[in-house]
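Chemist: The task is to assemble the complex, starting from two chains supplied on their own in separate frames and drawing on the hints.
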Amino acid sequence: MATIKKITTPLTYEQVKDLKAGDQVSITGVIYSARDAAHKILVDLLAEGKELPVDFNDQVVYYAGPTPAKPGKVIGSCGPTTSGRMDAYSPTMMEQGLKGMIGKGPRSKAVIDSMKENGAVYFAAIGGAAALIADTIQKVDIVAFPELGPEAIRRMEVVDYPCIVAIDSLGNDLYELGVQQYKQVD
Amino acid sequence: MSETITKIREISTEKITEAVRGLCMKAACDLPEDVEKLIEEGLEKEESQFGKYSLEKILKNVKLSREEDVPMCQDTGMTVILVEVGQDLHVTGGSLVDAINEGVRQGYEDGYLRKSVVADPVLDRKNTGDNTPAVIHTEVVPGDQLRIQVLPKGAGSENMGAVKMCKPSEGLDGVVDFIVNSITQAGGNPCPPVIVGVGIGGTMDKCTLLAKKALARHAGEPHPNPEYAELEKKLLEKINKLGIGPQGFGGKVTALAVHIETYPTHIAMMPVCVTLNCHAARHKEAIL
Numbered sequence: 001m002a003t004i005k006k007i008t009t010p011l012t013y014e015q016v017k018d019l020k021a022g023d024q025v026s027i028t029g030v031i032y033s034a035r036d037a038a039h040k041i042l043v044d045l046l047a048e049g050k051e052l053p054v055d056f057n058d059q060v061v062y063y064a065g066p067t068p069a070k071p072g073k074v075i076g077s078c079g080p081t082t083s084g085r086m087d088a089y090s091p092t093m094m095e096q097g098l099k100g101m102i103g104k105g106p107r108s109k110a111v112i113d114s115m116k117e118n119g120a121v122y123f124a125a126i127g128g129a130a131a132l133i134a135d136t137i138q139k140v141d142i143v144a145f146p147e148l149g150p151e152a153i154r155r156m157e158v159v160d161y162p163c164i165v166a167i168d169s170l171g172n173d174l175y176e177l178g179v180q181q182y183k184q185v186d
Numbered sequence: 001m002s003e004t005i006t007k008i009r010e011i012s013t014e015k016i017t018e019a020v021r022g023l024c025m026k027a028a029c030d031l032p033e034d035v036e037k038l039i040e041e042g043l044e045k046e047e048s049q050f051g052k053y054s055l056e057k058i059l060k061n062v063k064l065s066r067e068e069d070v071p072m073c074q075d076t077g078m079t080v081i082l083v084e085v086g087q088d089l090h091v092t093g094g095s096l097v098d099a100i101n102e103g104v105r106q107g108y109e110d111g112y113l114r115k116s117v118v119a120d121p122v123l124d125r126k127n128t129g130d131n132t133p134a135v136i137h138t139e140v141v142p143g144d145q146l147r148i149q150v151l152p153k154g155a156g157s158e159n160m161g162a163v164k165m166c167k168p169s170e171g172l173d174g175v176v177d178f179i180v181n182s183i184t185q186a187g188g189n190p191c192p193p194v195i196v197g198v199g200i201g202g203t204m205d206k207c208t209l210l211a212k213k214a215l216a217r218h219a220g221e222p223h224p225n226p227e228y229a230e231l232e233k234k235l236l237e238k239i240n241k242l243g244i245g246p247q248g249f250g251g252k253v254t255a256l257a258v259h260i261e262t263y264p265t266h267i268a269m270m271p272v273c274v275t276l277n278c279h280a281a282r283h284k285e286a287i288l
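Residue numbers (my numbering), protein chains in the order written: chain A, 1 to 186; chain B, 1 to 288.
So that you can see chain B by itself, here it is in the shape it has in the complex (with noise of 0.2 Å):
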């Protein structure tokens, strides 16, 4: 009888809490490459003068705020954490969950970044002063690394999501409608130009996060089946001739990206979820 042994390998805490600290303070003053070029692109194809204006002034803070190390937006978010644990890894010294919350409370307090986390939704809303608890979605994975991505959300695009539990008798222009409409919602609301992340499938939460990790994904890079790589192109063009344009001022360039993650789902259900990222797009991610 043969028996594979594996390898588990271990990794600190306070290596954790290091790696999320960094990353949240990356994130609020280094917008990723791939979003700064597709704004510049937007700049190039967009006509109206506001919309211009817009662009220029959000390129010229996006240099600024890198070269300064200061927040591109003072909205520095609600901390969404998607996290990735490798089977064969060990966590040493405490809690995962306790390590990533102690990062993002340093790298908030060090980073000079605001604190924006109320305790309680309802009631008091009593801001907890740390920017603590972050939103942290841990999957398991073959391997015995962990992946940490790190999306600051701002609120005023996170207020625009939007989701459907879709008839299946919708069908594709069901869901299309449905996208485009959200963002005719949305209008100026959200910050725009925005990328836009839509989740299909699954139940109503497997939705939302699908949604969620659509924005996670290296901006304008398009899905890798050609038929939902196809139906992103053709969102971004419906949506870009809506004529919300920059911040809402009138204009060709809405979105700059549309990314659909899907899930299959029931055969009584057809599920969409679509969540907004501002122009200040932030990610960043380590791999440990």
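Bound conformation, chain A alone (with noise of 0.2 Å):
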């Protein structure tokens, strides 16, 4: 693996068009965290034509719900969960101008010809990893549906956050061409 491209958010189109899958990425900057829950929420709030709490254009959601953190801690383990099951969401957060999505395993197709169209990113960080990955987050807020629990949006202030860029904007996915260099036909 080569070097570590370090970016900063929000992401520019500039930025978005620099990276390429298969890069290895470290992220410092602002990123939300959302999952199922909130997004229905917000895709929710789209269709009745309400303001969204948090403003995506150019920003980066974390499809993550950490876990409560101890005392003396800003957050527990916080790694990325399956990023398939916002796949139904994903274009009408694109369309308000988000730009990068964090989480792991492979997107639908939909949702890949929604980040071209969008000039948006997927990065994929080690699912599993996740008291690894909490170390590189230094604040953390709730913006938004407290209620929700480990589901809430949470505003977290990241420095040198790890991640692989799994899908650029050209639609490139490394779901796809990594699993056809080492496929063995018996």
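It should be emphasised that the hints constitute simulated quantities derived from the structure, not laboratory data.
Mixed in with the good hints there might be a few duds.
Lysine-lysine pairs mimicking DSSO-like chemistry, simulated, CA-CA at most 30 Å apart [stated by the list, open to error]: (1) K126/B / K73/A; (2) K52/B / K183/A; (3) K52/B / K109/A; (4) K183/A / K115/B; (5) K45/B / K20/A; (6) K60/B / K6/A; (7) K57/B / K109/A; (8) K5/A / K57/B; (9) K139/A / K126/B; (10) K73/A / K115/B; (11) K57/B / K139/A; (12) K5/A / K60/B; (13) K45/B / K284/B; (14) K45/B / K50/A; (15) K52/B / K5/A.
Modeler: Structural data, given as structure tokens:
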């Protein structure tokens, strides 16, 4: 693996275009956590023509729901959840200007098409490496839907959050390319 | 006329609650060494750069979570609990199920574990706030002991399970194809490398429970029947040729182990269940 690309949020169109599937990346800046329940509410609010509690333009969303913070800590363990469950909502979010998504696992064709159309990038973090990842999160504030508990939207300030560009804005997909390379026919 | 007097042993619900509380907390933060060893062996076999990168991070995370006593994964699961109750054991002081759920409640609160259970599965999906109820499978066995196995089950891997009521005519090839196809379908979603639990036989409900019990086995321990041990080996080889690799980024280590459990079935049936555990294959047990 080559050098680590250091990027800061919010993301610009130029930054997104520069990221290629397979790039190792470290993210510094603000990211917003949101999972299934929060996404459903966000998309419902948009359908009703209402304003969102967070402006997602140029932002990065993190599919994650942390464990409670132990005393003296800002957050508990906080790794990525399966992104595929957000596939139904992601195109709508990208139409709102969302530029980056962090999660784990492959995405649907509809999501990848929307990424190409809207200029967005999908980062994969290591599922299950939640204690390691939590060490990169410096500050956490619940900014919407506190009633959802672990599923509330949290504003997280991260420093050198480690991940990989899994799908780039041209639609190159590490989940397809990597598997093809190592598939052995019986 | 002779008569055997069986002595009934007593155990209090407080003891059961305390044991379950401790098992929940320990399971979340301390990956069993059998699983860690398989991940280390996987790292030696893996060739893909992203695969190695993933396995290195996973192993680092295992050590960090154990040292700092924090959950290795934020998904501390819905708590699956396998209980074997000796028939010569009498639980005193209340209900066994309530005692177990109280242990889960306390363990998830005191251990700073995530509460991930919703009360109604479809309608309002409101979080119960204490990770109860657990999924409890109770079996009555000979003896006077209580064996409790705690398997916190994360949703990423659990969502990728599958059941097929195979026709007997599909034979062994049909069973193998179904299992391998299930792993292909799961792809990078269940946080590979995975441990594959397979249940074959019984009825639909029985084969799903067998598959869960297969996951509770010591990781990598072969089936006692050599024919099934051979099948486990063959399946592991086939699965690791799929190319999915750690995290689905491509590679040679998609599964760490395949465990099969079987049961007699009906002349017209051959049910098969595949259930998956991610690399954070958490399981802890106590015998009281």
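Chemist: Against this structure, judge whether each hint is valid.
Modeler: Comparing the hints with the structure gives:
1. K126/B / K73/A: Within the cut-off at roughly 27 Å; holds.
2. K52/B / K183/A: Status holds; Cα separation ~16 Å.
3. K52/B / K109/A: holds (27 Å)
4. K183/A / K115/B: Answer violated: K183/A to K115/B is near 38 Å, above 30 Å.
5. K45/B / K20/A: holds (27 Å)
6. K60/B / K6/A: holds (22 Å)
7. K57/B / K109/A: holds (29 Å)
8. K5/A / K57/B: Distance of about 18 Å is within 30 Å: holds.
9. K139/A / K126/B: holds (27 Å)
10. K73/A / K115/B: Holds: K73/A and K115/B sit about 18 Å apart, inside 30 Å.
11. K57/B / K139/A: holds (23 Å)
12. K5/A / K60/B: OK: K5/A and K60/B at ~22 Å, within 30 Å.
13. K45/B / K284/B: Given pair K45/B, K284/B holds - Cα atoms ~27 Å apart, limit 30 Å.
14. K45/B / K50/A: Given that 30 Å is the threshold and the Cα spacing comes to 53 Å, the pair is violated.
15. K52/B / K5/A: holds (19 Å)
Of the numbered hints listed earlier, those contradicted by the structure are 4 and 14.
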